[in-house]
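Here is what each chain is made of, one letter per residue.
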Amino acid sequence: MDSPEQKITKTVSRVDASKESMANSRQVIGINFCGPTPLMWRADDLKSVRELGIIGTLVGSLARQPRQNTRLGRPLELLPEEGRLLADMGRAAVIPDSTNEDPEVNPEQVEQYHAGLENSFQEQGALALEDRKATLMRVMTKKHNGKETSSLTYRHLCETSELSVLALTALCFLLENSGSQEDSDGAVRDRLEALAHGFSFPRPAMAVQLCTARAGLSHCPEVRRFLAADWPIPRDERSETRFRVFRDLRRQGFYLTSAGKFGGDYLVYPGDPLRFHAYFIVVCISMDESMPLCDVLAIARLGSNVKKTVLLCSSGGSQEDDGEEVVYTSLQWSGMV
Amino acid sequence: MADQNKTSAKVEFGNELLNPSELFEARTRSHKIPVRGQKDFIPTGSDQQKDRLQQSLDEHWNLVSEERVERLGNLVKAVWIPSDMIVELQSPAGKFWQTMGFSAHGKQCLHPEEALYLMECGNLQLFYQDLPLSIQEGYERFLYSKTMSVQHYQVFGHLKRLGYVVNRFDPSSVPSQYERQLNLPQSQDRSGRLPKRKRSHSPTSRHTGTQEGPTSKRMEEEKDCNREEEDKNPDSLPDLSAPDIDEIQTASHVDPTTSTKGGQGRSWWSKEGSPGPDSELPGHPQSSPRWDFSSIPFPDLGSRSWLPSSLTSPDPCLLPGAVGSVGACDVAPWLQRLNLREVRMSRRECERERDRDRYRRDINQDREVRRCRNWAEYQELQGRRIQRSRRDRPTHLWERPVTPLHDPAQVTSTGELLDKISVIKSTRLLEGASSLKGSEEWRICFNIYQPDTVAEFKKSAPGKPYSRMCVCSFDGPVPDLWTLKLLAFQSGDVPVTYAVVDHGDISFYSFKDFQIPTDTSF
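These protein sequences, in sequence, are chains A and B. Under this note's numbering, think of the first position of the first sequence as 40, with each following residue one higher. Under this note's numbering, think of the first position of the second sequence as 804, with each following residue one higher.
Rather than coming from a laboratory, the hints here were simulated on the basis of the structure. There may be inaccurate statements among the hints.
Restricting the straight-line Cα-Cα distance to at most 25 Å, the calculated cross-link-like pairs of lysine-lysine (PhoX-like) are [said to hold, decoys possible]: (1) B/Lys1288 - B/Lys1228; (2) A/Lys300 - B/Lys1315; (3) B/Lys1261 - B/Lys880; (4) A/Lys182 - A/Lys172; (5) B/Lys1262 - B/Lys898; (6) B/Lys1267 - B/Lys1288; (7) B/Lys898 - B/Lys1267; (8) B/Lys949 - A/Lys300; (9) B/Lys853 - A/Lys86; (10) A/Lys86 - B/Lys835; (11) B/Lys842 - A/Lys347; (12) B/Lys842 - A/Lys300; (13) B/Lys1240 - B/Lys949; (14) A/Lys347 - A/Lys300; (15) B/Lys1240 - B/Lys1288; (16) B/Lys910 - B/Lys880; (17) B/Lys910 - B/Lys1261; (18) A/Lys346 - B/Lys842; (19) A/Lys86 - B/Lys842; (20) B/Lys853 - A/Lys347; (21) B/Lys898 - B/Lys910.
To give an idea of the interface, some chain A residues facing chain B are shown, with a C-beta separation under 10 Å as derived from the structure [unchecked claim]: (22) Trp80; (23) Arg103; (24) Asp170; (25) Pro243; (26) Pro309; (27) Pro312.
For glycine and all other residues, C-beta sits at the position ideal for the given N, C-alpha and C.
Go ahead and model the full structure; you've got the sequences and the hints to work with.
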C-alpha cells in the first residue's frame, strides 16, 4: 500500500528525526482526539510514527486475542508531548471530530453497504464451493491411489466445509463404494456435480469484518492537510518544560515512553523499546524550583532499585524555541569507598 | 461501508478493508500470540541485533494491523441510541448476558462501555443509522464525557479482560449502616426482573411508577416488592455513627415540634419530598425506598422524661378518606390509663426484692440524720461526711479548678488509664464521613465482582461487590483525607480501590483502615 519512496530502511542507531521529515513530507499522519486524549487508529500511521521515533502506548484489545492484557492492540495513545512534536514537525495533523455531523440516515451509503455485503456473500460462497471441491478431489485421489481415507481427512473436510459430519460421512462412504477404476472419472464428475447442486452457503456462515479504524475521507493525505487543526493542548510551564526535555532527548536519538509507574516523567531507551531496556528515568523540574531532599532521596532510591539512572531535567527559561539548553543532572547511588 | 464502488484513489490508499477472499482466508487464521524474547542492554549496531529488531517489529505490525473478522452468525446485532446513551440489542444476547446488560422497555440493552468492550471482543456488531460502526467511531461517540472517558474505559476493559464482572456504580443501591445493622433483605431492583408479588405487569411500568398511595402497608419485609421510583439521597440519612436504637428514639422525641410544622414530618414517605436525582435516567437500577428515621416522630407516652400534653393531629392523607381531619389528641386520659395493672411478682422475685432492700438504707432511719434539727445542721453533717471520705485527697490538688486526671482510690483498668492520658485520639476512617457533601471531581465509577463467581452471578442479585473502583490519573491531584472519607462512606462496607491511569498503564491503590494495637499487659 505504501508508495516505493516511502519505504526507507532505517538502522537502529540514533538518527536525527528532523532530517527524515524532509524526505517523507508527503505522508501526513492523522491524530484523532477522544476527549482530551490523542489517539491514532490506522496501522500504517502507527508504523510511520514509530519510524520517527514516537512509540506511544497501545490501549485497545488485540484483535487476535481480545481477552488478555499482556499484548494490547489499537488505538495507540500518544503522550501530549509526542503529539505536539509531530504537529510541530509538520508530520501529523489533528483530524477534527466529525461525529456530530450527519444527523440523518444516508440512503446512498446504506445501499452501498448492503450491495457490498451481498457481493461479499456471493464471492465467499463461490470460494467455499471451490474449497470444498478441492478437498473432495484430494479425498478421491487418495482413494484412487489406494490410500485409506483417514479420520483426519474427515475432520478436515468437516472443519472447512459447512456440511454436517453425517452428510460428509455419507458422501465419503458413497465415494468409497463407488464403482471400479474405469468409471472413476465419470464418478468424480458426477460427485462434483452433485456437490455443486446440493451445496448451500448459509448467510450466517459469511465472514464479516469489524473495522477498527473509521473509513472515510480523512485518511487521504491531501484532505488531512486541508482539515488540520491546531494542537489544542493548553501550554502551562510544566508541560512546556516537559515538551522541551522530550524534544531534546528525541533529537539525540533516544526513544521515550511514559514512566508514571516509576515515579518519573519519561523512561529513556537507547533503541526501540521492543528490544532494549531503559537507561534513564527522567524527572522534569523547572529551573528555579527547589526540590526537598527527601524527594531526591526517594527518587534516587527508586532508581537504584530498578537499576536505572535518574535524570533531573530542566530547561533554560528562554522563550525561543531553538537555542535554549536543557540541563541534565543524573543521580547515581555511590558508596563512600 | 464497503467502498468498493467508489473511486480507486481513495480506496487504495491506506485502506484497511478486507476483500472477500481475504475475509474467507481469515477463517483459518492462527489465534496464537508469539512470545516476546529477552531484551538486550546495549545497542551495538550489530547485524544480529538489527535482524532481531526487524523480526520483532514485523511480528508487532502483523499483530497490530490484523483486523477483526467474525462469522456473521456469531455476531449479535445492536443499535446505538444517542438520545438515551444506550445500545439496544436486536438479536438475542449470547453468553455475555449473564453478567452484562439490562432490560428496558422490554428489550435487552447494554451500556455504551459494555457494548464497546463486546465490539472489541468480536461479539457484537453495532449499527447507527443503518451503517455499522467501527471501533474508532465507538470510542469517539461513547467516551467523550467526564463520567465515561477514555481512562474509565481503559480501566473497565482491563478488568473485564482479566475476567472480573464490572458494572456501573449506583449510589442509592448502597445500604445505609442502619439497614445493614438490621440485616434487611437487599432489594436489588435492577429493572427487568418481574416482581414476585403484588404487581404483575411488565417492566414497562418502570417509568410511570405506580402511585401506590401512602395508605399501603409499608412493612419492611415487603420492601423488595415495591419498585417505587423514589430515591433517597444518602446524605439525608442521619448520622448513625453510634448505632444505638435508643438514640434514634430520643432523636424522634425531640422532633415532635417539627412535625407541627405542616408536612415536614412527612418527608420519609412522600414521593414529592425527595425526588431521586437519577430516577429519570433510564438504565439506572431502581432503588429501595429509604426511611429517614430522624424525622419519623414516634411518640413514647410511657417515657418519664418527656410528657407531652397532646399529640398533633395526623396528616389527613394518612387517614382513610372519609374521616378527614382529626383534631389534636389529648394525651392526659391515656396517660391515666397507663400502668394501671398491678405487677404481680413471683415468689422468687419477691425474695430478690427483699435482698436488695436489705442493703438499702432509708435516709430517714439514719440516726445521725435524725439528730439534726434543721436544714443547716443536716448540711453540716453532709459536709463532715464528705470530708471524712476525702481525707486522702489534699485540698491543693482537688479543690482547685484543675484537678488530677485520676484518683488512685478509684478502681480502673490499664486500658482506661491509657485512654485518659492519651493526647491523640485514634480515629477510624468513617468517623465524621456521613456529614461530607458529595464531590464533582471524585466519584466511584464501578462495582467489581470476582471472576470465580461468574458461574453463579445473577444480575438481579449480585451480592456484595469485591471492591468499588474510582478512576483517577497521575496528572491529577492525589486523593486527600476528605476524598478518602467521602468515598469510603459512599461505598458502605465495601473497600474502595483507586485505579490510576497513566497513558495506558494502570496501577491500583487502596487505603486500609488500621488500628495501632495498645499494649495493656503491663
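Now for the hints, and whether the structure bears them out:
Between the alpha carbons of B/Lys1288 and B/Lys1228 the distance comes to roughly 17 Å, so the proposed pair stays at or under 25 Å and holds. Of the supplied pair hints, the one linking A/Lys300 and B/Lys1315 holds, its CA atoms being roughly 21 Å apart against a limit of 25 Å. Proximity of B/Lys1261 to B/Lys880 is assessed by CA-CA distance (about 23 Å); at most 25 Å being required, the pair is judged to hold. With a C-alpha separation of about 15 Å, the suggested pairing of A/Lys182 with A/Lys172 holds against the 25 Å cut-off.
About 13 Å separates the Cα atoms of B/Lys1262 and B/Lys898, which keeps this hinted pair within 25 Å; it holds. Straight-line distance between C-alpha atoms of B/Lys1267 and B/Lys1288 comes to about 20 Å, which keeps the hinted pair within the 25 Å bound. Between B/Lys898 and B/Lys1267 the alpha-carbon distance is near 22 Å, which keeps this suggested pair within the 25 Å criterion. Taking the CA atoms of B/Lys949 and A/Lys300, the gap is about 24 Å. The hint holds against a cut of 25 Å.
At most 25 Å may separate the alpha-carbon atoms for a hinted pair to count; B/Lys853 and A/Lys86 meet this at roughly 17 Å. About 22 Å separates the Cα atoms of A/Lys86 and B/Lys835, which keeps this hinted pair within 25 Å; it holds. Taken as a hint, the B/Lys842 and A/Lys347 pair is honoured in the structure, with Cα atoms around 15 Å apart against an allowance of 25 Å. The suggested pairing of B/Lys842 with A/Lys300 holds, with an alpha-carbon distance near 20 Å, which does not exceed 25 Å.
Restraint check for B/Lys1240 and B/Lys949: the C-alpha separation of about 20 Å stays at or below 25 Å, so the hint holds. Of the supplied pair hints, the one linking A/Lys347 and A/Lys300 holds, its CA atoms being roughly 13 Å apart against a limit of 25 Å. Pair hint B/Lys1240 plus B/Lys1288 holds up; C-alpha atoms about 11 Å apart against a cutoff of 25 Å. Straight-line distance between C-alpha atoms of B/Lys910 and B/Lys880 comes to about 13 Å, which keeps the hinted pair within the 25 Å bound.
Between B/Lys910 and B/Lys1261 the CA atoms are separated by roughly 18 Å; this keeps the pair inside 25 Å, and the hint holds. Distance hint between A/Lys346 and B/Lys842 is fulfilled; the C-alpha atoms sit about 15 Å from each other, no more than 25 Å. For the suggested pair A/Lys86 and B/Lys842, the alpha carbons sit about 21 Å apart, so the restraint of at most 25 Å is met. Restraint check for B/Lys853 and A/Lys347: satisfied, since their Cα atoms lie roughly 24 Å apart, inside the 25 Å limit.
For the suggested pair B/Lys898 and B/Lys910, the alpha carbons sit about 17 Å apart, so the restraint of at most 25 Å is met. A least Cβ separation of about 5 Å between A/Trp80 and chain B falls short of the 10 Å threshold, and the interface hint therefore holds. Restraint check, A/Arg103 versus chain B: the minimum CB separation of about 6 Å is within 10 Å; hint holds. Interface restraint check for A/Asp170: the shortest CB-CB distance to chain B comes to about 8 Å, inside 10 Å, so the restraint holds.
Proximity of A/Pro243 to chain B holds as hinted, the smallest CB-CB distance being about 3 Å (cut-off 10 Å). At about 5 Å, the closest approach between the beta carbon of A/Pro309 and any beta carbon in chain B falls short of 10 Å, and the interface hint on this residue holds. Against a cut-off of 10 Å between C-beta atoms, the interface hint on A/Pro312 holds, since the closest Cβ of chain B lies about 9 Å away.
Going through the hint list in order, the structure satisfies each hint without exception.
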